[in-house]
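Engineer: Residue numbers (the working numbering), protein chains in the order written: chain A, 12 to 278; chain B, 148 to 436; chain C, 4 to 285.
It is worth saying that the hints were derived from the structure and are not from the lab.
If you're wondering where the values come from, they're calculated on a predicted model, not measured in any experiment.
Built from N, CA and C at the ideal position, the CB exists for glycine as well.
The reader is advised that the hints may include incorrect statements.
[Claimed, not checked] Under the rule of at most 25 Å between Cα atoms (straight-line distance), these lysine to any residue pairs were calculated in the SDA-like manner:
{"hint": "1", "chain 1": "C", "residue 1": "K156", "chain 2": "C", "residue 2": "P106"}
{"hint": "2", "chain 1": "A", "residue 1": "K240", "chain 2": "C", "residue 2": "P106"}
{"hint": "3", "chain 1": "C", "residue 1": "K137", "chain 2": "A", "residue 2": "D145"}
[As the list claims (entries may be wrong)] Beyond 12 Å from chain A on every Cβ pair, some chain C residues (computed):
{"hint": "4", "residue": "R15"}
{"hint": "5", "residue": "G63"}
{"hint": "6", "residue": "T154"}
{"hint": "7", "residue": "Y219"}
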Amino acid sequence: MNSLEHANWFMRALFFTLSAVIVASVLSAQRGRAMYIRRIPGLSAIEEAVGRATEMGKPIFFSPGLAGIGITTLQALSILAHIVRLAATHATRIIVGTADATVLPVAEEAVREAYDSAGRPELFRPEDVRFVSDSQFAYALGSVGLMSRDQTATNFFFGQFFAEALILTENGRSLGALQVAGTPDPVQIPFFIATCDYVVIGDEYYAASAYLTREPTQTGSLVGQDVVKAGLIALLIFGLGLVTYLAGHAPNGTVLSHLLTLLKAGS
Amino acid sequence: MWRSLQIGLSQLFSPAHSTGELVAYVVGALLASVLVLALLHKGLGWRGKRRLTMAVTFTAGLFFALEYFYPVRMVAGRQRNFLTDYIQPANEVLAIIMAFTVGLGIYSLIQVHGRNVLRQRRGWCNSLAFFLSMVVMFGFTLADNYIKVSDPPPAVLPYPKASFEILFNGLFMPLQSATFSLLAFYIASAAYRAFRVRTLEAGLMMAAAFVVMLGQVPIGAWLTHSLPVTGYHGIPAFFRLENLGEWVMTWLNTPAQRGITFGVAIGALAMSLRIWLSLERGTFFSEQS
Amino acid sequence: MEAAAPQGFRQRLQQLPRGFIYLLMALVVVWQLLFPLPMPISPSATTKGVYDAINKVPPGKLIVISADWDASTEAETGPQMTAIMHACFRAKKPFALLTLSPPAGAKLANDRAVAVAEQYGAKYGVNWCNWGYKYGYENIVMSLAKNIPATLKSDFHGDPISALPMMTGVKDYRDLGLVIEVTGLANVTEIWLGFLRGPFGTPLAAGYTAVMAPGYYPFVDSHQMAGMLVGAKGAAEMEALVEHPGDATRIMNVQSWAHLLIIALIVVGNLGYLLARGGGRR
Chain A
12 MNSLEHANWF MRALFFTLSA VIVASVLSAQ RGRAMYIRRI PGLSAIEEAV GRATEMGKPI
72 FFSPGLAGIG ITTLQALSIL AHIVRLAATH ATRIIVGTAD ATVLPVAEEA VREAYDSAGR
132 PELFRPEDVR FVSDSQFAYA LGSVGLMSRD QTATNFFFGQ FFAEALILTE NGRSLGALQV
192 AGTPDPVQIP FFIATCDYVV IGDEYYAASA YLTREPTQTG SLVGQDVVKA GLIALLIFGL
252 GLVTYLAGHA PNGTVLSHLL TLLKAGS
Chain B
148 MWRSLQIGLS QLFSPAHSTG ELVAYVVGAL LASVLVLALL HKGLGWRGKR RLTMAVTFTA
208 GLFFALEYFY PVRMVAGRQR NFLTDYIQPA NEVLAIIMAF TVGLGIYSLI QVHGRNVLRQ
268 RRGWCNSLAF FLSMVVMFGF TLADNYIKVS DPPPAVLPYP KASFEILFNG LFMPLQSATF
328 SLLAFYIASA AYRAFRVRTL EAGLMMAAAF VVMLGQVPIG AWLTHSLPVT GYHGIPAFFR
388 LENLGEWVMT WLNTPAQRGI TFGVAIGALA MSLRIWLSLE RGTFFSEQS
Chain C
4 MEAAAPQGFR QRLQQLPRGF IYLLMALVVV WQLLFPLPMP ISPSATTKGV YDAINKVPPG
64 KLIVISADWD ASTEAETGPQ MTAIMHACFR AKKPFALLTL SPPAGAKLAN DRAVAVAEQY
124 GAKYGVNWCN WGYKYGYENI VMSLAKNIPA TLKSDFHGDP ISALPMMTGV KDYRDLGLVI
184 EVTGLANVTE IWLGFLRGPF GTPLAAGYTA VMAPGYYPFV DSHQMAGMLV GAKGAAEMEA
244 LVEHPGDATR IMNVQSWAHL LIIALIVVGN LGYLLARGGG RR
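Hey, can you work out the whole structure from these sequences and the hints?
Structural biologist: Structure (structure tokens):
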């Protein structure tokens, strides 16, 4: 039975094992176990980037990407909230341009609550969290217009981006802004690396909340992810070796041939 | 009891048979929603709201997770369990809810640009142009939808349809293509500025990039066309740029892409678990104002 | 961030003005469009995979071409569509166009299909048809699994699907011989993989823009996809296979020299960097 539509026994076992490892790691961290996270330059640079905008007296631009509400965008908004809290302490203005109408109210609420939690609710301006366009290139050009008219000193690009990424970042660079980008999608990473000062790639992106907040739940989840990754690598190597051996040494009708069939059915 | 619940729900959510019934459903649903939201807002403190959010999040996630993991049986050649028939209606409900937010985007644009025009801020002409283009495009798109022409269309289209054709196919589409084509110029300047061979690894990456770039175009194939295609155990043929480029993409790029995809998928799993179980902390997830 | 003003030849090599680079690129593109230097094109394995998949479709089965692109990627996906349709008409395999997103794709693909069909004397509703734009992504794909006519109801022109002769007897995925996804959007192929290739084993092929294609090599390598067209190059290779050179072949002439220009610029920049570094050591 293929496991893309519904889970087979292997997917159930795998999912529950992986989830158990992650949840156990979270619980362990909540009980006080210290956990180490290596330095991620792109995330460490956020404070520097906000500081630059403050010194220059210019605003910050934040783009949460083009995707709708999903884990990628929610992570981007989580990073946005952190940036707003940092910027609020120095009364630095932040402009957020969204490309999806469903993201707009969530982004507005995230920014408002971030200003509240930083003790500066009066700094929140609703017109600074705005919908630009849901058309890819119209969004890119509209955002570039925002950056150039408001002369932003720092640009943040976190989320799901497509072909418009290079238009955003190359124009931002030509305007002299410091740029920090982060995306889990490998396709746009080369363009960000060529045009941004700091880039957060792959699963570093999902480590952002843990890295920025250092909260036990978050760091526990991050360590759990790494344990899961190591386990999957070991499983891959074991499975590869087993299938290779069985394919050559499993005559039909034997226990070994049934095991090979079972392993293939699990895929 | 499950069967009675199913019958009750199907009677409650049966399709409307007339316009009046449909209007009554819509108005009734709106009023009921407003009433429920008002009661929740008044009756629940921040802790209650948080618990309600956590319960709704968990239930919504549980529905989809349960449908995927619950054992299935084959019915008419399809994998099915007791929740499978409700997946599509659930997705349709989500799509309808998302459609409501389209108006939010338009409202935000009107608010921002309207303020620019009313207060005559710097660049207010651009905001006026926005309103003009939105109204004109909206009008001609409606006209294009509702004015029918014969098939094949006449040589001279009615004015609204012709205007739509000019604006959409003659202006909007070429503008999209033109903006995409800007990438060619940007990638040239970005590549020139960013790619410096500062280390051995950067040099190797540069060499691989050159091989792939030349392997993707006919001129690369022409540069190495003198290498024999067959013979010598295929070694010279391997070094033809188009073959070398293909080798880089399938033997170097593919494992790297798989590795990144695995890592991202695990990160997404962890984040999804945190959101589903409401372990995720952040401004809009759990903390009180 | 921008650097300070260049000083000396070595620095100037590393900091050519942006406008100069854009001008060079524009000159190269215009030159090759006006005075092309044609080069032979040899099809790659991934393109051959798509071509072979079309030819291997059993008689009586339908090909679905999902046109999920719009004007922004038309330079690559447009010629891909045209070349694929040429291959289908040459092999006398009936096909249906479908668009999941964006809506503009339905009309753009239809216009191309009308132009290509004319060259083969193909009739709408008999040799090809257009199911039009259907909103719903995975919902549409899941519904098509159960009942294609009931899901679609009408075609691109608003006529009933059941009235089309080629749709007689087409009920669900078992009546499909191949699905070809032509797109510039991410995450659409995964829908076809999850709800078509997985449950039913229906062959799947694709055409992508060059920038997103590297991410889909794993699917071709694992045989989840029969093949894929990679950008304008893939379209040109397909044009070579169907012996019908068109837009993509012309684009490849331009792309060849544009790539050479970019390589030359990178070399110039690195030359300046190495010279500056060497000069600094003395």
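Engineer: Now tell me if each hint is right for this structure.
Structural biologist: Okay, the hints, checked on the actual structure:
1. C:K156 with C:P106: Holds, at about 17 Å.
2. A:K240 with C:P106: violated (40 Å)
3. C:K137 with A:D145: Holds - the C-alpha atoms of D145 of chain A and K137 of chain C are around 19 Å apart, at most 25 Å.
4. R15: holds (19 Å)
5. G63: Given that every Cβ of chain A is farther than 12 Å from that of G63 of chain C, nearest at about 25 Å, it holds.
6. T154: holds (17 Å)
7. Y219: violated (10 Å)
In summary, the numbered hints that this structure violates are 2 and 7.
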